[in-house]
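*Asks:* Residue-level listing of the chains:
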Amino acid sequence: MNSTDNLSNLLQSWQPEVADSRDFNRAVWMRLESEENRKGVTAAAIFSWIQLFARPRIAITAASIALFCGIFLGTLEARSTGEDRYLQSLNPYTLHSQDH
Amino acid sequence: MKRGLFILLGILLLGVVAEQAATRFFRSAPSEWLCHEYGLMPAQTERIKALEKEYGSRCGPFCTQMCEANANLETVTLGSSSITPEIKAAIAETDRIRSETRILMVEHFYGVAAELPPEKRRDYLLKVLPLVIESCGSR
Numbered sequence: 001m002n003s004t005d006n007l008s009n010l011l012q013s014w015q016p017e018v019a020d021s022r023d024f025n026r027a028v029w030m031r032l033e034s035e036e037n038r039k040g041v042t043a044a045a046i047f048s049w050i051q052l053f054a055r056p057r058i059a060i061t062a063a064s065i066a067l068f069c070g071i072f073l074g075t076l077e078a079r080s081t082g083e084d085r086y087l088q089s090l091n092p093y094t095l096h097s098q099d100h
Numbered sequence: 001m002k003r004g005l006f007i008l009l010g011i012l013l014l015g016v017v018a019e020q021a022a023t024r025f026f027r028s029a030p031s032e033w034l035c036h037e038y039g040l041m042p043a044q045t046e047r048i049k050a051l052e053k054e055y056g057s058r059c060g061p062f063c064t065q066m067c068e069a070n071a072n073l074e075t076v077t078l079g080s081s082s083i084t085p086e087i088k089a090a091i092a093e094t095d096r097i098r099s100e101t102r103i104l105m106v107e108h109f110y111g112v113a114a115e116l117p118p119e120k121r122r123d124y125l126l127k128v129l130p131l132v133i134e135s136c137g138s139r
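Residue numbers (the numbering used here), protein chains in the order written: chain A, 1 to 100; chain B, 1 to 139.
Hints are computed from structural coordinates only; laboratory data are not their basis.
Below, a sample of chain B positions facing chain A; criterion: calculated Cβ distance under 8 Å:
{"id": "1", "residue": "7"}
{"id": "2", "residue": "14"}
{"id": "3", "residue": "16"}
{"id": "4", "residue": "21"}
{"id": "5", "residue": "34"}
{"id": "6", "residue": "59"}
Label pairs and their computed distance ranges (CB to CB):
{"id": "7", "chain 1": "A", "residue 1": "84", "chain 2": "B", "residue 2": "21", "range": "15 to 25 Å"}
{"id": "8", "chain 1": "A", "residue 1": "85", "chain 2": "B", "residue 2": "126", "range": "10 to 20 Å"}
{"id": "9", "chain 1": "B", "residue 1": "64", "chain 2": "A", "residue 2": "84", "range": "20 to 30 Å"}
{"id": "10", "chain 1": "B", "residue 1": "131", "chain 2": "A", "residue 2": "43", "range": "55 to 65 Å"}
Glycine included, C-beta positions come from ideal geometry on N, C-alpha and C.
If we strip away everything but chain A, and leave its shape as in the complex, we get (with noise of 0.2 Å):
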């Protein structure tokens, strides 16, 4: 009974020192928007150059060179096979298969 009441006691004349709930409130939404511009600048940053290709004009050249690559690149792969595929197309088992 006596320990009990001492706890009460101590429990009464406890204060917490906790700083004025408006600033504490204030400070950590301060520092959660801050967090989230820092991280919003960081993406710009990075991918900004992505909406280049919102604008027409980068739209089409970079389509233009992307055919012209892909066609350019095409065009090698399907000569540098042909060695390839004429020595395969002399293997008879292979000439077999290709007829099944």
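Dock chain B against the given chain A, drawing on the hints supplied.
*Replies:* Quick look at chain B alone, frame taken from chain A:
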């Protein structure tokens, strides 16, 4: 930013599609590569195509025979624990078919080489002979 991303992905897709389409479009028949590589005239090209057609029709039966001989060799080998006369005969049969096929191939190579310019025949044979002459690795 999403719009730009979608456009970028579309452009990349366009490049890949163009590459695949060009590969298929410009890929010619194997004999056409040969004719282009060795600068053959249209008449020679036609003769090469005729030789290949004949070669294909003569090779087919050998492949069937080889498949049957291999299957037989597998059967007799699995049915025994030591070398038997049947196994020896089955191995000899696969070798016989392989030898006949190789002779046919070399015959075809000579036929094709005869259509090429004389200075390019050796180069052609060096390209195709590994198909019938197994490399020992040291040479």
